[in-house]
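J.: Spelled out, the chains give:
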Amino acid sequence: MTGQFLYNNLYIYLFISVFLLCAGILGIAFRKTLMGMLISVELILNGAGLNFVALNRFLDRDNAYGVIFTLFIMGIAAAEVAIALGVILLIFRRYRHIEGEKLKDMKE
Amino acid sequence: MSLSELMSLAASISTRIGAYLPDLIFLAITAMTIIGALMTVISRSIIYALMGLVVVMFGIAGLYICLNSPFLAMMQILIYVGAITILIAFAIMLAGPMYKHPGEWRGPIRFAGALVAAVLPFVFLYKVLMRTDRLQAGVDEFGITTKEIGRALFDKLTLPFELISLLIVVAIIGAIMLALLSKGEK
Numbered sequence: 145m146t147g148q149f150l151y152n153n154l155y156i157y158l159f160i161s162v163f164l165l166c167a168g169i170l171g172i173a174f175r176k177t178l179m180g181m182l183i184s185v186e187l188i189l190n191g192a193g194l195n196f197v198a199l200n201r202f203l204d205r206d207n208a209y210g211v212i213f214t215l216f217i218m219g220i221a222a223a224e225v226a227i228a229l230g231v232i233l234l235i236f237r238r239y240r241h242i243e244g245e246k247l248k249d250m251k252e
Numbered sequence: 021m022s023l024s025e026l027m028s029l030a031a032s033i034s035t036r037i038g039a040y041l042p043d044l045i046f047l048a049i050t051a052m053t054i055i056g057a058l059m060t061v062i063s064r065s066i067i068y069a070l071m072g073l074v075v076v077m078f079g080i081a082g083l084y085i086c087l088n089s090p091f092l093a094m095m096q097i098l099i100y101v102g103a104i105t106i107l108i109a110f111a112i113m114l115a116g117p118m119y120k121h122p123g124e125w126r127g128p129i130r131f132a133g134a135l136v137a138a139v140l141p142f143v144f145l146y147k148v149l150m151r152t153d154r155l156q157a158g159v160d161e162f163g164i165t166t167k168e169i170g171r172a173l174f175d176k177l178t179l180p181f182e183l184i185s186l187l188i189v190v191a192i193i194g195a196i197m198l199a200l201l202s203k204g205e206k
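Read top to bottom, the protein sequences are chains A and B.
If you're matching positions, the first sequence starts at 145 in my numbering and goes up one per residue.
If you're matching positions, the second sequence starts at 21 in my numbering and goes up one per residue.
Bear in mind the hints are in silico, worked out from the structure with no lab data behind them.
What you are looking at is a predicted structure, and each value in this text was computed from that prediction instead of being measured.
Fair warning: there could be bad hints in the mix.
With a cut-off of at most 20 Å between alpha-carbon atoms, the simulated EDC-like pairs for lysine to aspartate or glutamate come out as follows [claimed, not checked]: (1) B/Lys-167 to A/Asp-206; (2) B/Lys-176 to A/Asp-206; (3) B/Lys-167 to A/Glu-224; (4) B/Lys-176 to A/Asp-204; (5) B/Lys-167 to B/Glu-182.
Some chain B residues close to chain A (C-beta under 10 Å, calculated; not the full set) [claimed, not checked]: (6) Met-27; (7) Leu-29; (8) Gly-133; (9) Leu-187.
We put the CB at the ideal spot given by N, CA and C, even for glycine.
Given only the sequences and the hints, what does the whole structure look like? Please build it.
T.: Here it is in structure tokens:
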């Protein structure tokens, strides 16, 4: 009977990570401010980490590469958030808004 | 007599619930993650979106515990909830009260386009997942502990580990330089 529990099913974790990816894409396309887009990027990174850990736990039990790669993803996410917040604060100081659609100076 | 019958009834009910309790907890964690993600994406206020992100982080930490990786769950809570979310909250406060005017949404046409752009990968990946062979190779215990993570990290993956630390140092210096540059330019 053990092993039939719902949390021992790989597909549920994969569906949750796919859902997080799609929610992140929806947020990036739909949010107006740069801060909301950054939060959506965090959702995508978390979905990727969950995917790695689930595949490591169910398909490759003897190595820890998925877990370690998720730790690397966390480190890269921390660095990315620091840089992105610096850029967003710079944009806010110069233009007095952080809306993604109105930033057109660097497009031309 | 009736008391003993009541006791036996309560015992049978508790064992029946106990058989379903892990599933119930797992479903609660899953629902928490999904509702938090929806709240993050479609809430009007950016502060509520941030709160939804915190809910998602806690839900994913619970999923890591369900995946027998408590170290990773601890790191998730420490790094994401403790550091990144606080950092984003500080940046929201520094960038002014943007949450006063509720202009976070972009209109129904953009919402329809974004929904299509988000649902298409979901359908595609669903098809891919359903067409794969059964990935389930039996469920044994997951033997990776913190000791093995540390051993692999300092044994085989030393170079990526050091490169991550270098990347974080470069990112911190870059962020400080951006802040200083903007202050001097103003």
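J.: Does each hint hold? Answer for all of them.
T.: Verification of the supplied hints:
1. B/Lys-167 to A/Asp-206: 13 Å, holds
2. B/Lys-176 to A/Asp-206: OK: B/Lys-176 and A/Asp-206 at ~14 Å, within 20 Å.
3. B/Lys-167 to A/Glu-224: Violated - the C-alpha atoms of A/Glu-224 and B/Lys-167 are around 28 Å apart, more than 20 Å.
4. B/Lys-176 to A/Asp-204: 17 Å, holds
5. B/Lys-167 to B/Glu-182: 19 Å, holds
6. Met-27: 25 Å, violated
7. Leu-29: 23 Å, violated
8. Gly-133: 7 Å, holds
9. Leu-187: 5 Å, holds
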